[in-house]
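Dock the two chains into a complex; use the hints.
Those sequence lines, one after another, are chains R and V. In this text, residue positions in the first sequence follow our numbering: the first is 74, and each later residue adds one. In this text, residue positions in the second sequence follow our numbering: the first is 15, and each later residue adds one.
Calculated directly from the structure, the hints in this document are not laboratory data. Any given hint might turn out to be false.
[What the hints assert, rightly or not] Sample of chain R residues facing chain V (criterion: CB under 10 Å; computed from the structure):
| id | residue |
| --- | --- |
| 1 | Q134 |
| 2 | G136 |
| 3 | R175 |
| 4 | S201 |
| 5 | E332 |
| 6 | Y372 |
| 7 | D406 |
Note that CB positions come from ideal geometry on N, CA and C, so glycine has one too.
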Amino acid sequence: MINQDIESKIKNLESEFKKSIKTANDESEIESIRIQYLGRKGSISNLFKDLELFPLDERKQIGKKLNDLKSHIHTTLSKYQKTSQKKETSQQYLDPTLPGDRLPIGRYHPITTVLRKIISCFKSMGFSIAHGPEVETEYYNFEALNIPKGHPARDMQDTLFIDDNIVLRTHTSPVQIRVMENQPPPVRIIAPGRCYRRDTPDSTHSPVFYQVEGLCVDEGITFADMKGVISTFAKQLFGSQMKIRFRPSFFPFTEPSAEYDFTCMICEGKGCRVCKGTGWVEISGAGMVNPEVFKYVKYGSERYTGYAFGMGVERLAMLLYEVHDIRLFYENDVRFLNQF
Amino acid sequence: MMKISVNWLKDYISFDTPINELADRLTMVGLEVENIVKTKPHFHHVVIGKIIQINKHPSAEKLNICRVDVGNAVLQIVCGAPNVSSGIKVPVAKIGAILGDQDPIEAKSIRGIQSEGMICSEKELQLGDDHSGILILNNSQFEIGDPFPSESGIEDSILEINVTPNRPDCLSYIGIAREVGVILGKKISLPNVSVHENNTLTADHISIEIQDIKACPRYCGRIVNHVRIAPSPTWLKNRLESIGIRSINNVVDITNYVLMETGHPLHGFDYERIQNKQIIIKKAKRGEIFTSLDDEKRELDSNDLLICDGKRGIALAGIMGGTNSEISNSTKNVFLESAYFNPMMIRQTAKRLGMSTEASQRFERGTDPNNTVYAINRAAQLISKIAGGRITKGIVDVYPKPINPSQIKLRLSRIPAILGIEIPQKKIHSILSKLDLQLKGKDPVQVTVPTFRPDLKQEIDLIEEIIRHYGYDKIKSKCTSILTLNDRQNQEYEFTENLRDIFVGMGFMETINISMLSKRQFALLDQQFTPVQIQNPLSPDTIFLRTSIIPNLLNTIRWNYNHSVNHLRIFEIGNIFSEKTHSLPDEHLVLSGAISGALRSKPFWAEKNQKVNFHHLKGIIENVLDRLHIRGSFFKHGEHPALNPEYTQLLYCKNKMIGIIGEMNHSTLQQWDIENDVFVFEFFLKNILHFSPQKTINRSITKYPPVKRDLAIVVDEHISVGSLQKLIYQVGGKKLISVELFDLYRGNQIAARKKSVAFTLTFLSPSRTLKEEEIEPSIFAILDALKKTYSASLRS
Ligand SMILES: [Zn+2]
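This is chain V alone, in the form it adopts within the complex (with noise of 0.2 Å):
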C-alpha cells in the first residue's frame, strides 16, 4: 500500500485533474486506488475538550483546576483564565504540542498542582490577537476528542495506492508521478540535485568493501558533517505524517523523505560510532546477535547480509539499522548509506525474521542499482540545507559490475496476436517513451529498459504495458461461436452431482464444512488413515486434513441443536484425506451424512413425531442403492471406534467395501456435547462408482401374476432376520423373487425368549402363471431348511 499526497504529488507534475478522475484513471492503468482520504489541517495534539469541573486552586487566588475532558482521557489542568466555566468546550493543547514558535507543551507542576496541559485562547492558537480569556466554542459540531482545525495548511487528498508487488517503481512518488505523467500527458520534474562539497574528501575518512558482490552489487557512502540534530520543519513533517510516517529528528526524517520521493531507501549512521572508520558488506555468522532499531535481539543465519564496521555488525542490511550505530540527539558526523541489494537476499532474511519495513519492502521487490547516486545526493542536500551539515567530497561508490538497462526485441505483429486489436504505431511509441523507454528501429522495434523497471524481461511485459496504458477497455469482446471440444469423460462429475440430487430428494440439507480437524477431534474418530498433518496451522483445531467428514458433521449438528433446531438430516460431498509416504497424501472423495432428532420437519397431527432410528438410516441407503442400481451389496457386522458396536454395519459390494453406517456411540457424542441419537454414515464414491452400472437397459415385464405367501415362523429371540431371509433366498428356488418382513412380534401369545417373523414371500415365472400348488415344494424346502439350521417351527 503506497499513500500518496496529492499536494506532494504536485511537486513533481503539475496538474488540476480532479481527484476522483485522477483516482479512476490510475485504477484503469493498473495502479488501483482503493481509497481516498480527504484531509483538513489540523494542529498537533491540539484537540477539542469539554471542561467538566472547575475548583479553585489552594495556594493561587486567580487559577482554577480544571477537569477536562478529552475523548479518550480526563485531562487536571490549571489555567488562569477568567472566563473558564464547567460545561463548555474549549481547544485543549495537550502534552506534546507546539504552538507557534514555542517549545512543546509539557507537564508540569504550577504551585504545587499537576497540570496535564493548556486550555488556549485564540492568540495562543495564532487565530486572532484575542488574549484576554480562553477560547470558546460555541458550535456544536465540534466533537470532544476531535483535532482542533488549523487555519493555516491547506486541505490535501491521500491516495491509498495498491501496488502490484511487480512494480517497485511505484512505490515512490516519482514513480508515481511517472504513471501520472503518461496518463495525462504531461511531462515531470525530478528535483534539482545539487551538492556544495567542502574540500576533505570522503574517501579519506570511510573505507567500504563489499565481501559478497551477489549479495550487494553497489554500494555508496557519503558523509555530511557538523549536523544539528533537532525536529524536523513543520513542512518535513506534515508530509511524513500525512502519510503515516512518525517524525523522528531531521537527519531520519529526510532518509525516510527521500525514500518516498525516489523509492531508494537509504541509512544514516552515526559517523564517530563507526569502528575503524571501515564499512564491511558480508555475511553474518551463524548465531550472530544483533540488535536492530527496534530494540529486538536477532539471532542471526550465515545467509543474512550485514553491514559491518571494523568490527561488528551496525546494519542488517536492507531492513533495518542497529541501536549500536543510530543517530541521536548528540550526532554531530552522519554516515550516509545509499545501496543496491540482491532482492532475493533480503526477502529471505526479512522472511526468516518476521520483519516486514519500508526499506526491505522495496529492496525484495527490487530497487534501481543506478539510483544510488542521485538518492544520496537528494539527501544530502536536504541535510545541509535543514540540519546545516557540511558536505565532505566525494561519494565512496563501489560498484564492481554495473547492471546495465535491458533490451528486448518488440515484433509489431504480435500486439494484434495477443490483444485481439491493432494499435496505431505512433500510440504505441508515445506510450513506451513516456514510460523513460527508448525505442530505435521499425520492427521489431528494439526498446531499452531502464533499471528502474525490473519487471519488464521479455516482448510480452510490453505488450502489457502499451495495453495498460492505451486502455483495456479499447479491447472489443470478441464472441466467436465457440466450437464445441470432445467433452473429456466427466462422468465422475455427473454421477457426483446425481447422488447430490438423490440426497436432496430424500430430505437432506447439504452442508460444506471446512475440511480440518483439530488432534482431539481425529483421535476421537478415525483410526483408518494417518493424517495429514500442517506445518503452519492457523490454530490447533485445524492441524490435520480430514480423514472423515463425521466429525464435521457433529459439529454441525451441535451448532444446530444450541440454535434450537430439532430436527437434523445432513450430508456432504467432499474430499477425505491420508498421509502416504514419498507423494502427494492420497485423496478420497466421500459423501457423508448424519441424521438426528424428529422424523419429521414439522409435528404431523395424525402422527406422534418420531424420532429417527437405525433403520430409518439404513432404508434410505437401501433406497439409494435401489436408485443407483447397485445389486449384490450386502451389510457386515463392522466395528469403528465412534461407532455403537450394535449398530455398525459395513456396507460391502462384492468383496470390496463400499461404505459404512451406524450409530454415534454416546461416549463420543458426550465430547460433542451433543444429547440426542446420532446416525452416520459415509461412503466412498469411487467405490459405489464402481459397482453403479453405467447403463440401464429394459427388460420385458412379466405378464403373469405372481404368488404371494404369508409365512410366520418363530424363532429364538438371538436369530438375526437378515440371516433369515438369507437361508429363504437360498434354499427358495428361482421363482422366489422376493421375501419381505411384515411383522415382528414378542409377547404372551408366544413363549419366552421367542419371537415371531413373518414374511411375505413372492413367487413368479417369467414364462406362465403359477399355480398355487407349485410353490408347495419351496414352501416345504424353506420350512425345512428353517427348521434344521435355527430350529424354526411354523406359528400356529
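In isolation and in its complexed conformation, chain R is listed as follows (with noise of 0.2 Å):
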C-alpha cells in the first residue's frame, strides 16, 4: 500500500513538474522551480527522507526511480536555462548581418577546368590517356611525323632548341609516335600537354600552351568516324546546337587533313566580329593518318587507317569563357583566377 503511494506521488511529482516548467517565463522562475523540486529542502528531499522507512530490496527499487526523475528534472531544468539565456543574450547582441568568417576559396584554373572537361568527355568515347615528355628529340617532334629536315613545313612552327637533335616539344604529336612504338593498333589516346613555340607574346600567343592531341587506328577506320567523335566533342563541350565544319588543309601528319571549325559561340553563326563574319571560329588541325608515319611505327598502311586531331585548350577557354587575351592566362592574376 504505502509502496503504491510513494510511486504515485512519484509520478505525480513528475507530471506537476513538466506543467511548471512550461510555463516558466524566466531565469528566475526555472530557478524557484530548481528550488523548488532539487532544493535542499524540495520535493525529491522530502521523498528520499520517506525512504528511509521502506526495506532495502523495495528502497533500491524505489530509490533508482527517484533518482531517474531527480536526473530528469536536472537536465530538463539545465536545458531550459540555456535557451532563456540565450533568448537574453539575442536580444541585446546577435547580429546576423556580421559577416561571416571566410577562410580562403580555392579554385582550379580555366585550363585545367577545361583540359578536365576534354579529358573526360574523350575518356567517355573510349580515349585513354597518353603522356610524353616536354623536351623531345628531333625525330619524335618532325622527323617520324614525317615532316623531315628542310622541310617548309618546319616553317610553320617556329621551335626552341636545346641542341642539333633536341627541341621543346612543338605539338603532343610525337606521343602519338610513342605511343604506336609501343602498341600493336587498336589505338585510342589522346595526349595533353604543354608545348612550346618561339612565338612572340602578343593577344593570341603564347610560348608555351596546352594541346591535346588524339590519336584513333584500327582496322576501317575513316573520315566519317573522326567527324562522328570531333562533332560529339563539340556538343559535350559548348551544347548540342553546336555544329562542326572541316575544310582542306596542310599537315605533313595526316593526309587528307582538315582545319576543323566550330559554330560560333558568340554570334551562334549569324556572323559577327569575333568570327569575321564567317559565323565560324577556327579550333584547330586534323586528319587521316598519313601512311608515311605508319612507315615510321612499322604498322600496314594497308590493313590499318586511322585519324588524328589536336586542340588548343587555351584556345577553346578562350572561346568558353570570352577571354580575348591569351596572356592572361600566364599572368595568374588573382582578380583574373577568381572569375572562374
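Right, dumping it as C-alpha cells:
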C-alpha cells in the first residue's frame, strides 16, 4: 500500500514538474522551480527521506525511480536555463548580418577546368590518356611525323632548340609516335600537355601553351568516324546546337588534312566580329594518319587506317569564357583567376 | 600569304560569282581566304590636305605661301590660285605624284621660296576643265591625309589567301585560276606567248654552265637587246602596287609580274655587266662575300649556290640578285634567267642568311622545272612590247636530266576506305582532270601528275585532291558507339588530379606559369639540378627550363602584391627539368605552392586577421599527408640556398626525400621585391605516389574508450618539441596512440631559459577497457626517459 502510495507520489511530482516548467518565463522562475524540486528541502529530498522507512530491496527499487526523476528534472532544467539565456543574449547582442568567417577559397585554373572537360569527354568515348616528354628529340617531334629536315612545314612552327637534335616539343603529336611504337593497333589515345613555340607573346600567342592531341587507329577507321568523334566533342563542350565544319588544309602527318571550325558561340553562326562575319571559329587541325607516318612505326597502312586531331586548350578556354588575350592565362593575376 | 587581285585574276578565268561566295568556296577547297580588301582607285601621292595658314609671297604679288596639313606632315606649298583661303580642304599632289602625262611633281623653289608639292585644280586632276582656281572639297567626309579618289580606273577586291606550304603552284595567278576553274567548272585561258626573235643567236652571246646539277637541274637564259628602261605603264604599276609590290622600272616590274602570274621567279641582269659573257652555276667558296641587291654584304658558305659570271658571283641563286649586275636606268641589254633550283638547297641558304624573298619562297617549296621556258618567253614578250627591246634567237637551255611527270596508281576501293563515303566515278575523273592530271585505265586508274604539283606523291594525296573538291561537308559524321578499349592505367593522372582537388579544397588558387627561368632566377634558387639551356630563347628571361616552380610562384606573388592583393595561397602542378648527358633531360612532375600575407581572404570581425606563418604551412602539408594516407613520413632539418635555415624542413618517407617546405629567406625575397614573408613547398609527385597506398581497407573501430592523460613538463629552451614527442612515442608502449601538444609556455611562472610543454597522451586497447591504473607504468617510463634524456621535470 505504502509502496504504491510513494510510486504515485513520484508520478504526480513528474507531471507537476512538466506543467510548471512549461509556464516558466525567465531564469528566476526556472531557478525557483529548481529550488522547489531539487533544493535541500525540496520535493525530491522529502521523498528520499520517506524512503528510509522501506525495506532494503524495495528501497533500492524505488530509489532508482527517484534518482531517474531527479536527473530528468536536472537535465530538463538546465536545457530550459540555456534557452532562456539565449533568448536574453539575442535580444542584446546577436546580429546575423555580421559577416561570416571567410577562409580562403581555392580555385582551378581555367586551363585545368577546360582540360578536364576535354579529357572526360574523350574518356567517355573510349580514349585513354598518354603522356610523353616535353623535351623531345627532333625525330619524334618532326621526322617520324613526316616533317623531314629542310621541309618548309618546319617553318609552320617556330621551334625552341636545346641542341641540334633536341627540341621543346611544338605539339603533343610526338606522343602518337611513342604510343604506336609501343603497342599494336587498335590505338585510341589522347595526349594532353604543354607545348612550346618561339612565338613573341601577343593576344593570341604564348610561348607555352596546352594542346590535346587525339589518335585513333584500327581496321576500317574513316574520315566519317573522325567527324563523328569531333562533332560529339563539340556538342559535349559547347552544347547540342554546336555544328562543326571541316575544310581542307595541310599537315605533313595527315592526309587528307583538315582544319575544323565550330559554330561561332558569340553570334551562334549569324556572323560577328569574333568570327569575322563567317559564323565559324577556327579550332584546330585534324586528318587521316598519313601512310608515311605508319611506315615509321611499322603499322601496315593497307590494313589499318586512323585519324589524328589536335586542339589548343587556351583557344577553347578563350571561346568558353570569352577571354580575349591568351596572356591572361599565364599572368596568374588573382583577380582574373577569381572569376573561374 | 598570296594576294590576289580579282580584276587581274579575271585575265585567266571569267566569272561573275560574288566575291564573298568565291572566297568561301576557295576556303572550302583549302585555299583559306583570310581577308578581302576592297580597293578604290585613287591617284598616287595625291591626298586630302587642309590649308592651315596663308602668307603673301615676299617677291610675287599673285603667289601665296600656304601651310597645308596632309595628315602625317605639314607641307609648305606656293600656290597662285586666287581662291585659296585658310581652313579649306583641297587635293594636294605630293612629291612624286604624276598627273596625266606630266613629269612627277618635284620639290622646287618658286621665286626663292621652297614649295613641296602642288594644290590641284579640277583640270590638273583631269576631272574637268575648270582651271580658274584650286578644287575646294566641301564634303565633310574627306579625311585629312586620305588618298584622293580617282574617277578613272575601276574598283577591285584583293583576296588575301593563306597558301599552305605544300602548294607552291598556288603562289601564282594561274595556279589560283586553275583552282577557281575546278570550283566553278570553267576552263582557264593562259596568256598566248609568242616571241618575235631577231637573227642574232643567243648562244653566240652567252654561255651557260651548270657545275652542280643536283642543286640546279635546269637553267634557261635569254637576251633582250636595246631596251629602254623607264617607269612602268600605269596598268602594270597599278597591278603590282595593288598587291603590295613596289614598282621599280619596266624590266624589273615585268619579271615580278611574270613571277606572280606563273609562279616562276625570274631574274634580269644587265648583260653588259656580265663578265666574259659567261654564266656559271656553282657552289660559293666558304667565306666569300657577296653584296645582294638590298646592299647587304653576305658571307657565304660552301653549300650556297651562286650564279657567277666569268669572274665573280652575280646572284644568290633563287634568292636575290647582286648589285654588281643589277638593272639600272642606263641598262641597254638584258639577260633573263629562268631556272629550276633544288628546293632544299635554296631553303638552306635562305634560312641561314635569314632571307625570305618572293623568289626564295617559291623555289624552296618547289617550282615547276618544266615551266621555265614558258615563263622566260612570257617575260621576253612583255619586255619587247613595253620596253621596246629586241629578242635574240633561241633560249640557251641547260637541262641535262629532264624531270618527268610522276605516275601514281589510284585504286578506287581506297577512296571509301579512307573517307567513309562512295564518290561517283564520273566525279573523280572530272575533278582530277580539271586539275590537269591525266588519267588512264579504269581501276586502278593510272594518274600522271604534272610537275607543277610536287605535293602529289602517293595514292593518298590523290584521295585528298578528290575530297578537297568534292567537299569535306559531303562526308557524313559516323557516330557508331565506340567500343571501350582496355583502359591503360591512368594512375598517375588520377593521383595528380586528386592532389589538385585536395589543394583547391584547402583554399589554394591554382596557377599555371611559363616553365622557363632567367639565369639570375636560377642562380638565386637552385643548386640541385643542372639546368637545361635553350639555344635560341626569345629573351634572356626564358633561357633555362625551370628546375623548380618556386621562382615562378614568386613572380606570381610579386605581380599580385603589386596589384593590391593582400593574401596568397597558390600552387602549381607541372614539370621541372634537369640536364642529363647523352639523353633527353629528366622531367619530374612536381607540386609546388606558396602562402603569404593574411591567413583569411577577408578579415573576420571576431578575430584579429593573422598573418600566415611556417606552422600554418606545415599543418596544411600534414593534412595532405593524412588525406593521402602516407604513413611513416617525417620532417628533417635541411638546407636550401633560398630558404631561411631555421625553417627549412625536408619531408622524408622511409629514406626517400619526397619534398621540402620552408620559409623564403629575406635576401631572396628582396631580389624579387617582395616585402611579406613567403612560405613555400615543393613535392615530387612520383615519390608521394609511391608512398600513398593504392588501396584503403576498412579496420573495425574499437568500441572501448580511450584513456587520456595530460602531462606538462619543463625543459631547457633549446630542446625541440619534436624530439620530446618522438621519445614519448618510443617509450610509451603499444597502447599509446597519440601524443598531442596542447600548450607551450614560457614566462615568469617557470625558470628562465626554460619552457613548459604540455601534451595530451591517449592510450587505447583494441580488446578491452583500460583502467586508469594500467597506464601508470607507461607514464612512469615516459617521465623517467624524459628526465634522463632531456633533464625534464614535471611541472608542478
Ligand atoms: Zn560570330
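Verification of the hints:
With a least beta-carbon distance of about 28 Å to chain V, the hint placing Q134/R at the interface is violated under the 10 Å criterion. Taken as an interface hint, G136/R does not check out: its beta carbon lies about 27 Å from the nearest beta carbon of chain V, beyond 10 Å. With a least beta-carbon distance of about 4 Å to chain V, the hint placing R175/R at the interface is held under the 10 Å criterion. Taking 10 Å as the C-beta cut-off, the interface hint given for S201/R holds, the closest approach to chain V being about 5 Å.
Taking 10 Å as the C-beta contact cut-off toward chain V, the hint placing E332/R at the interface holds, the least distance being around 8 Å. Taking 10 Å as the C-beta contact cut-off toward chain V, the hint placing Y372/R at the interface is violated, the least distance being around 14 Å. For D406/R, the interface hint holds, since its Cβ comes within 10 Å of a Cβ in chain V; the closest pair sits about 6 Å apart.
Hints 1, 2 and 6 from the earlier list are contradicted by this structure; the remaining hints agree with it.
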